[in-house]
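K.L.:
Letter by letter, the chains look like this.
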Amino acid sequence: MARESEDTGMAKASKAKRQRKKKPKENKTRTVHANIHYDNAKGEENPNRHYASNKIKTTKYTLLSFLPKNLFEQFHRFANVYFVFIALLNFVPVVNAFQPELALAPVVFILSVTAIKDLWEDYRRHRSDKEINHMDCLVYSSEDKRYVERCWKEVRVGDFVRLRCNEILPADVLLLSSSDPDRLCHIETATLDGETNLKQRQVVRSFFDLDCDFDPLKYSSVIECEKPNNDLNRFRGYITHRSGRRDALYKENLLLRGCTVRNTEEAVGIVIYAGHETKAMLNNNGPRYKRSKLERQMNVDVFWCVIILLVMCLFAAIGHGLWMFQYGDRRPVFDVLSPEGTDLSPIMSAIYLFLTMIIVFQVLIPISLFVSIEIVKICQVYFIHQDMDLYDEETDSQLQCRALNITEDLGQMQYIFSDKTGTLTENKMVFRRCTVAGVEYSHDANARRIAMYQEIDSEEDECMSHGGTLPRRDSVTSHQSGRVVLRSHSTKSHRRTGSRAEAKRASILSKHTAFSSPMEKDITPDPQLLDKVNECSSQMDFMRFHRQPMSQLPSDLSDIIDFFIALTICNTVVVSSPNQPRHKVRTRFGLKSPVKTIEDFIKRFTPSRLTSGSNSSSSSSLNRSSNKGCSSLLSSPSAESTLTKLNEEQLSGTLEHAFTPVPPCYDEKASGTPEEGELRYEAESPDEAALVYAARAYKCSLVGRLPDQVTVELPHLGKLTFELLHTLGFDSTRKRMSVVVRHPLTDQITVYTKGADSVIMDLIRPSETGNSKGKRQKKIFCRTQNYLNLYAADGLRTLCIAKKILSKEEYARWLQRHLEAETAIQGREELLYESALRLETNLHLLGATGIEDRLQDGVPETIASLRKAGLQIWVLTGDKQETAVNIAYACKLLDPDEEMLTLNADSQEACAVLLEESLHYIQAKVFCSSGDQSKTFQNNVAHFEIYPSSSLSTSSSHTAHFLVHRLGLVIDGRTLAYALDRSLEDKFLAVARSCRSVLCCRSTPLQKSMVVKLVRNKLKVMTLAIGDGANDVSMIQVADVGVGISGQEGMQAVMASDFALPRFRYLQKLLLVHGHWCYSRLANMILYFFYKNAMFVAIVFWYQFYCGFSGSAMIDQWYLIFFNLMFSAFPQLITGTLDKDVSEETLQQLPQLYVNGQNSEEYKPYMFWMNMIDAFYQSLVCFFIPYFAYADSDVDLFTWGTPITAIALFTILVHLGIETKTWTWMNWLSIAFSVALFFTVALCYNASCPTCYAPSNPYWTMQRLLQEPLFYLLCTITPVAALLPRYFYRACQGTLFPNPVQAGRQLDKLPSDTRRNILSLSRVKMGSPLSPEPPFLSLNKSKGCQKSTSGSRASQDKQGSVLQTNKEKVPKTPLASSHSEKHLSDVYPVAPSEQDLSPYTSPQLSCQPKPHSAKDSDCLDETLQPSDLSLSSWNASTPLVTQTDAVHLNLPPDGPSQCVKYTRSSEEGLCSDHVVQPAHRTVQVAEQALHTAL
Amino acid sequence: MMASSYKDEDGHISVSGSGAPAGAVGDSLRSKKPENTAFKQQRLPAWQPILTAGTVLPAFFIIGLIFIPIGIGLYVTSNNIKEFEIDYTGVDVSSPCFDCSQKLSWNSTRPCTCSITFQLDQPYESNVFMYYGLSNFYQNHRRYVKSRDDSQLNGNEESLRKPSKECEPYGKHSNKPIAPCGAIANSMFNDTLELFYNEPNGTRVQIPLTATGIAWWTDKHVKFRNPGGENGNLTAAFQGTAKPVNWRRPVYELDADPDNNGFINEDFIVWMRTAALPTFRKLYRIIQRRNNLLPTLPRGNYTLEVVYNYPVRSFEGRKRMILSTISWMGGKNPFLGIAYITVGSVCFLLGVVLLIIHHKYGNRTNGADISH
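For the record, the sequence lines run as chains Z and A.
1307 is the number that our numbering gives to position 1307 of the first sequence; each next residue is one higher, with no gaps.
In short: position in the second sequence from 1, add 1494, done, that's our numbering.
Worth flagging that the hints you see were computed from the coordinates, not collected in a lab.
One should not assume that every hint holds.
Said to hold, decoys possible - Calculated lysine to any residue pairs in the SDA-like style (CA-CA distance at most 25 angstroms, straight line):
hint, chain 1, residue 1, chain 2, residue 2
1, A, K1526, Z, E121
2, A, K1737, Z, L1265
3, A, K1640, A, P1772
4, A, K1656, Z, G341
5, A, K1640, Z, R1286
6, A, K1854, Z, D387
7, A, K1576, Z, L1265
8, A, K1534, Z, F354
Throw the hints in and build the complete structure from the sequences for me.
P.N.:
This is the structure in structure tokens:
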């Protein structure tokens, strides 16, 4: 019952232990020397000898150790120990009940099934181990003085390996040399994190200046680095050269095992971690083990079974003692002495008998239960995998169940925590609009274009659904070149292609590029802005030509050009050309490394350099390229072009030294593809790509990126090369990224920053008051802020672009400390972070962009139906509040007509006050809406007390539904941090759980997981977390079920998840259909299992009364042992796998049925006891009917026992039949098979050996029985008598108090068109947003499906009339339907029993008489319009500033909808008088919160 | 997917996927789209019964209608069987066997006889089966049931000399193996019953009792065999074995008829088939019908001569002699008929209840109540 975390913890601990054992002498760091210096010496002297070799062995067993080790592992499961103990008990003569060998059979069977499974898995691992260990790589051999081919397993730490293009890295290698002129090595990490974009890795700095050939023999440095760890994104250490110089090592220097070398012809590195110590191997901690709620519940009942068993054994033992005692000294002949001939005292025999009985009754603890459950779960997983509806054509991916044993949990979810970006939305960023220098460019044409895509999509969808499967994939393959095929394994690149229609349109080539669906790429520029850009650049061109300083440019124009330059270069986008995938376009003019040292800086930035430095620098680069005799660079035309360019550069003078017009053919690739459209961008995140594409639409395109320079092509100006001094990457705390470049036109050191508006706006340099420039700045600032709010209101993602110009002195100061930070080993991250903070201040605002993140298909529908299913949906997002709220509206998470509580607090106290206030408000709302019904009021108030944690834990899951109101809660990250504080978390939960939807914005990954943990632990509910990115991983791991969207943001979420879905909307079917099925199947199977075993064992128990409690069994031991394992095993497996209580369609159309699983309706504790009682009754019948039928006859023990076995089998099978809801041919077959198997085995067994099988010796028993009519008579009457009560009960239940599931099943029975009518009707009802009560829909079977035609006339008439109403209803509008609905409900009485079905009903209303509610829903349809309007007006009128100064309570004149917005800062008092009104009347504003400005 | 396959293999880089182009072609191009088959999509044609009063109703009536006639038939059949039972344990002082029962023990050597007279009110047609019945005798006791050696009884020479340890402590007696060994054999019922018809004129006519054909055919011919082959000398075959402690005679002297002697003695075989319940009867003899015109046992007075050897007082047991005719369904047992009638009636009754329920509430549930 303990949560799974211990298991993984244990695994990790054991792993760690193993490592420790291997390297006993190691201290905190690892020192790596090159092996070549030690090759001649003896092995012991090699300092690397303690490190793990590269041979991997993931197998658990060897040939010898398999048996003991596997057994040992299996005995970790307590049940196995128990069964073995019982089997061994049989070997003790005084207590044995069965033939010892026979008693071993089931245990051996179970153990061997598991062992074979393990063995097979291990063999597979072994095979792949072997394959991997024998892969080839080039290792430097000191004997041969060259690289020789070696197997992977022979690679050792300290070896030099040479890597060629497209090779897989054999170990974690420190990059020492690369054939790439930039000393780069590109790797693809798809196997590690699923990200397909190329990553750049750099040669260790000290080897940067080496010539093309790295000579291992000359290497004499020592590497000091961290001990092996599993953090893929961290590597720290330093390399010490012989000279004593130290250089820091970064993760950029490390090539990880499993990655593939791309675009780099050759690289050399030294192995740092090998084999099991590589980061890839350490990261791989196997599948997760979780225990489902159902299983935890089951374990409790297993425990009860043990108690029942002990009670039965104790009873029998006492009985036996008394039986013995009554004979006293007159020992009867049938009381056999012990083998030694001695007498046994009653007490001793009672003790022996106790043990014997445990053996006889062992079946009560179902040995096959665990195995059966596993089999059923595997089958369930198989079916989920096979579901076509969960297959995504476009990405060719289907649902993956990564955790095999929690399928049934899917049917019991209560809370869903969802990420927004990439989960609800497509994470396909489309540039929508932007504002530059305070001017908004609305990009209307672009909006139209996007709308068009959507239309095409929907059309295509229709085509797809009609046309069936398309041969698209085949046609694609036929075009693919060899190289394409080689890369096409990464399905993820398909993922980028967006919607189906796009997928079809997408060319083969586009597959190789990330984020490049036409929708994202083809931005239609805003004509106005385009003109400005053109104007601006032509001016600049003019100015450059006339050598005017660029600062003379009008500031709005320079802002525009800077804006686009920032869009283009402030990112990590890599450019590749499509014809040569993954080969970056070279636009190198001069080789300059980023500034890495102060000397470097001084050298390069002193004024002298500005005049003459270019000469020296270019000459050095010239030297270098000519030195590169072996380099491919020289042979390419670019070398020449470098020369020509250098000449030009010298001519062009000081300021423009870096600028060059495009040489006619400086690069074969670029010139080969004249249109820039052919350049492909690979970005780490989709919004980066979106911005680059947007900039390109304005002819400002990125043409090349190298670690030290970025090349941008501008209209009129041609290609500009920016010297890239630093890149301060994006992180979630700073929420921004910056690049430091030297502007080629102005030669200023410029910082371009791009980031979330909330951060950037705070960093903008306060404008100097007074002068006009300052005023303008202020105006721009305000306008931009306005537009940002507008964008957010439109649901766009906003980014701010800013720049800053650094003077050389400032830069030098900053650089000094930055370099210190970079070389630090301890706390490097923090130092770098601080360094970035120092740089990113006093920015100059350029503009902002709005990027649209489209909702995924079907998200609103999915959310609506999940919510109807009683699931609480919380969205936890890192986005800003306005964006999140708008997306929430778009996906119907928030309803326009529900009230919204917004919690924004900036201190702990304010948060407490806010929560208190909201609680009061909710309480008051309950108070008012409960009206005169004081009873319900009492209940509700009781629920709204703030729960101390103890009482919370006791509250059952039902109350969670009970409390929910039509309220939405929006809380931001900062407030959330306060609310999650221990002192406030209960209040927060009390508020949150009474809201229908909760939206947490601006939340960090940690907060996400804290929220999930809080809800899970405090409310004791089943939680599901769904997300797609690395920031969701912690949340996914914390939740009971983690679902990963195999989306655009890499595979981390999928790796951490239990289920991986291609799209969010599949969640609906996964939960509502598969979850429901898995749960109900498994729950029923488990209950049945308990029943079956109890019933069978009880038969033997009753017999003890007639055999002196001697532990004798009339059922042959063979039957007794194999009954569970063979005779009765198959039907229940089939039922457990295939049974469908309600059809898939109905489950999806009536999400309410999901509540069944949430409340654990199928398996409640009392059901176990009901089943036990039924089992005891049935066993009594099965025992006593044969008993009386054979009383005082000449029947012998086993001739009497065999019919009982048969009867028990029949009873058990028919019982299963009653419980089976869906009979397919497989059910019939399995039952027939079971019966046939029993009789075949019995006949064979009874005919096989006349003298064997002591003591039962059943020779010819069955054969004789089959000749007796009595046998058949018994086999008929007993099952009937035994199952009569259950059958009768089921029938009565089905009629008198059918549960919703049964109602759903009846719906299934209706002809499909009738059903569709009914369901469409109910959907209309459910769709009406304020429907205050669960309306009851009385259905009538249409005449067509009714079997009896001779029904009473009256009822026929009635049905006829209803049918008519049905018919006329269907074509009507929703509004009309509610009328006819009223009609319907008037005609038929309403069952009162099902009112708490809908969790979102205000309880007080559900008790109201029917006509009223119908009226209500009528008004509702009328009020819908106004309330919609009110929403839009609210949207427009609310100034969406982060901190508003007033409460906005905007209510429609006559509608029940209100929007309450609290905003409160710390120093505020509050007045909390709520004016309370009945909900369905016109509501007066209840206003209570007052606020200050910042 | 890539990532997961990577995981699946426990940390192995899937070589075929990322490295070798040849291997990758097939894998990557095969769509993962699941097959659209009824089985895989869980759309197998199915029968979906819904248990409601209306649907279940016919089943109850049908069961009732079938069971009641069967029950009546069985009851009548059982009633036509004639059965006579007489307790000759001799617990009462008035009982003729009282003396024998008092002084008898397993160790007594002298046989005690007693005779009981009784009257049959009805003539017994057809073959009459004569049983002895024991009460309170737990032949189904776990250790008792096990105490035998089937392979010895099957004539296995080796087992004859060396009985299985299951027979202990009835395996050896004074270092000689006991044949037949074990507690079951040791406690064999050894009363001799003889039946005399007291003709009205006072003469006693002994009624011929057939001692063969009382055991299962398979037992007699397959399971039980004498050692030393079909026609061997039994005395010689059992040479070197001891008789069971409680037996008066060794096993090869059970009957004069060589086909009914030794292990294949039918009385012995019948005894070895351990009874299921503590009160049981075992077939002792068959009184075959001689004359088609005369009843096998005419009405009148009979005398039962008992050689009283079997002590039952130690466990408060009872000994009975039963005369019974049998029918196709075995001996007299009205229970099954009554059971059928009862279950049938209950079904019928429940059917009526369901009909009422259906009538009252069926309208509502005829369709479905779907709540939202």
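K.L.:
If a hint holds in the structure, say so; if it doesn't, say that too.
P.N.:
So, going through the hints one by one against the coordinates:
1. Of the pairs offered as hints, the one joining K1526 of chain A and E121 of chain Z holds, with about 23 angstroms between alpha carbons and a cut-off of 25 angstroms not exceeded.
2. About 34 angstroms separates the Cα atoms of K1737 of chain A and L1265 of chain Z, which puts this hinted pair outside 25 angstroms; it is violated.
3. With a C-alpha separation of about 16 angstroms, the suggested pair K1640 of chain A and P1772 of chain A falls inside the 25 angstroms cut-off, and the hint holds.
4. Simply put, K1656 of chain A and G341 of chain Z have alpha-carbon atoms about 18 angstroms apart, close enough for the 25 angstroms limit, and the pair holds.
5. About 39 angstroms separates the Cα atoms of K1640 of chain A and R1286 of chain Z, which puts this hinted pair outside 25 angstroms; it is violated.
6. Between the alpha carbons of K1854 of chain A and D387 of chain Z the distance comes to roughly 43 angstroms, so the proposed pair goes past 25 angstroms and is violated.
7. Proposed proximity of K1576 of chain A and L1265 of chain Z is supported: the alpha carbons are some 24 angstroms apart, at most 25 angstroms.
8. About 49 angstroms separates the Cα atoms of K1534 of chain A and F354 of chain Z, which puts this hinted pair outside 25 angstroms; it is violated.
Of the hints listed earlier, those the structure fails to meet are numbers 2, 5, 6, 8, in rising order.
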